[in-house]
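Put chains A and W on the given structure of chain D with help from the hints.
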Amino acid sequence: MVHTSYYLLLAAMLFAIGAGGVLLRKNALIIMMCVEIMMNAVNLTLVAFSRQLGSLTGQVFVFMIMVVAAVEVAIGLAILVELYRQIKSVNIDDFSSLKG
Amino acid sequence: MLLANLELYLFFIFGGVAVIAAFGVVFNKNVVHSTLFLLLDMVMLAGLYVLLNAEYIAVIQILVYAGAIVVLILFVIMFLGAELGERIPTWLTIRNVIVVFLAAVFLTVTGTAVFEWLGVGQAIHGNITPELIAQNGSVEMVGAAIFTDYILPFEFASVILLVGIVGVITLGGWRKVQHRKDSE
Amino acid sequence: MSNYIWLAIVFPLLGVLINGFFGRKLGRRLNGWIGVGTVALSFALGALVFMQVPGLPEHAQRVKLWDWISVGSLQISLSFLVDPLSMIMTLVVTGVGMLIHIYAIGYMEHDKDVARFFTYLNLFIASMLMLVLSDNYFGLYVGWELVGLCSYLLIGFWFHKPAAADAGKKAFIVNRVGDFGFALGVFLIWTTFGTLQYAEVFEMAPAISTTTITIITALLFVGAIGKSAQIPLYVWLPDAMEGPTPVSALIHAATMVTAGVYMITRSNILYTLAPTTSALVATVGAVTAFFAATIALTQFDLKRILAYSTVSQLGYMMLAVGVGAYSSGIFHLATHAFFKALLFMAAGSVMHAMRNVIDIRRLGGLKSKLPVTYWTFLIGGLALSGFPLTAGFFSKDEILAKAYEFNFLLYAIGLFTALLTAFYTFRAIILTFHGQPKDRKLYDSAHRESSVMTTPLVVLAALSLLGGLMGLPAALGLPNWIEGWLEPILEAGQSLTGEMHHAALGTEVMLILASSVIAILGITAAWWVYVKNPQIAERVAAKYHSAYTVLFNKYYIDEIYNKLIVEPGKALGRFFYRVIDKAFIDDVMVDGLAKVTKGFGATVSGWQSGYIGNYVMGIFVGSVVIVVYFFLR
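Residue numbers (the numbering used here), protein chains in the order written: chain D, 1 to 100; chain A, 1 to 184; chain W, 1 to 633.
These are calculated hints, taken from the structure and not from any lab test.
Backbone N, C-alpha and C fix where the C-beta goes; we use that ideal spot for every residue, glycine too.
Don't take each hint at face value.
Claimed, not checked - SDA-like mimics (lysine to any residue), calculated; alpha carbons at most 25 Å apart, straight line:
1) D:K88 - A:G81
2) D:K88 - A:F115
3) D:K88 - A:F27
4) D:K26 - A:L171
5) D:K26 - W:G610
6) D:K88 - W:G569
7) D:K88 - A:V71
8) D:K26 - A:F27
Unchecked claim - Across the chosen pairs, the derived CB separations fall in these ranges:
9) A:F147 - W:T597: 50 to 58 Å
10) W:T597 - A:G167: 31 to 39 Å
11) A:L74 - D:E82: 17 to 25 Å
12) A:L92 - W:Y615: 18 to 26 Å
13) D:E82 - W:F584: 47 to 55 Å
14) W:T597 - A:V166: 37 to 45 Å
15) A:G16 - W:Y615: 27 to 35 Å
16) W:Y615 - A:V166: 24 to 32 Å
17) W:D587 - A:L162: 51 to 59 Å
18) A:N5 - D:I65: 25 to 33 Å
19) D:E82 - A:G16: 33 to 41 Å
Next comes chain D alone, as it looks inside the complex:
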């Protein structure tokens, strides 16, 4: 049986990669994918702990996260499409109308 720590470390790596990707890339689509990677990393920790503690709560959590992720992606992509119609770009540096 693989030690839970390995899973956690893997999750940390995926999370760091995802976070780095969010910060490094300017393409909104890629950023959304990176966010998905981060969420999956978290899901992985939850499932790993679920096994570690013998509790189903972690898995139910993952289920909820997946629901939220699906909705988030759907809405995020809808926003992105609308934005693209407006300014013909998905580069986040072009979205600065919220400047204070």
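Just chains A and W now, with coordinates in the frame of chain D:
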């Protein structure tokens, strides 16, 4: 020997591919390629869930992520045109160096913490038997949990989905449909 | 029926609500009749209850509505007192008030804001009834303040006229000085007696030290000085004539200004226990009466003459209550309400006819133009002068008789003032109504009198003639109804000092004759000076130029107050405005805080670049810091 450590090997394969796929998502000029790497990543994670005896989650992972989300993203890329691949001008900026450094710090810290625990912790909690774990991830168990203890969050999940549907319809063209109707 | 006396307050309040909220929709005619109707209902109720008072046990009934304020040992209920004094005041307020309301319909017919006017008038009636009907000092104080507010609102009714707005403010501020003393008096009653209810206070009063009672009564008297326009706080009343004339008649002649007299009569037990304060009240009253009468001699504004005569007559009432002749004070209050309201409304009728000209130097010869006004004004003037057998004659004579028993000097002042009163009253009548018109054009363009305005005049003229029947001199063996009526209120106080004795028959007859002679003498003198030898007045004025100037300028009291109180007050205000308010509160506190916030905001808003990457960077840096912190801890 090989069979005994099969689980470990599988973990390394799945984990390694997942990490490589994640890198592929981040460092790829072509958005379509990035998306395909994301698909690979999701599938690898589903494999890891199976290793963790969470079959139900693994199936959902494939259905939702690989089946729905990735397809949706591909759809959008098709919608917006394929020339979205951004030019990566100069990777070596101060900001990017800071980002990488911070990510390294994060990884170091969490990794250290995890391996400190590795010394004292066990693979599973003391009184939990592998049989219980094997039972745990099954559809019956998760279904029972969702429909008894977690019925309220489950209902909320459906509300969230409904809100998402309404939001997407509103953003995505309801107005234009109306508009077209009006102009007829 | 007496249980429902609170309805007398509710009716005018209903008028306030109707006219206040829907007045403009109802139309001018209806506004006036709602005002009149509600007061008439109160009057009818008051009259019914009035009849029942002799049948009540101990001639009094407490009507408690509910507990109003209940804080620790402070228990104040909203309750009313039906007794001879409160009911006579109710009748005067609602009766005279109703007539003045009717008159106001005619007087205000050209004003565009009738609804507001009747709203205020009704509010005033309700407040005044609250004042007289309350069975405790708290309710009295509430009414006291509310009538002050109504007075302010009504004096400044034409607030677009700076003079009216200023007069309103002056009345309000000067009254505040008095009200402050009054409030202190009420507080002291509370700390001394532990209750504010009349019955309980008066029951305990004899056991309290004279010093405390003296202080209480003196403080209450400060309030009366302000409200009843005595020296030194009378200055607001003449200026209050800037308000519409019905207001002058109702508030500044007949009712509100007599609140001080009512309050002292109500507290007669306290004042009987404090001879020092009573002497002070009598002295202030007598001096005020004389002082105001001398000013009235030289004024040319008809309403101002009447205003000073009001101050003077209020002085008489104060003299009466000061010498312990409470029933005489109330008697004079009632008769004064009749004839002074009459005089004011007649003056208003003149104003209305002459397009708001009120300077008697420009009037004259109006006798034929305004016959009803002339005759009623004449009757009012006779009553004011104390011409024999008019209402004012009996009440004033009674006061003078009581003052004679008390102190001869006060009597002499009172008598001399009566002479001046007769003189200036007829000076005004002669200059206004007799002789030749001094301003032909104005005279020819006069409006006609309208019946809605003259009817109340006639009613009040009748009352001014016959009102004396309420209190015929008892010394002559004639029935003095009002003294007997008020007996239940006053007997407790009288029992403390011993039986009130009436003067010997001979003395009384002599005093009555003296008053009559003085009144006729004053009238004759006015006739002699202004009809027979019209140039004599100017010669006298020229000969005693300095004295005349002083009187004409009202002893420069306003100017002195201006220099002594208003200017230093303004200087203090400027100091606080510039240093405390402007420099400290505005610049340092308000603006300073705003500047700090603004600067901070300007700095921070620079961070809000609008670029998602920067925000995400912030989140990421923060997360890493938190993770590192928990790891190193």
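Query raised in the report: Tell me, which hint numbers fail for this structure?
Result: Of the numbered hints, 2, 6 do not hold.
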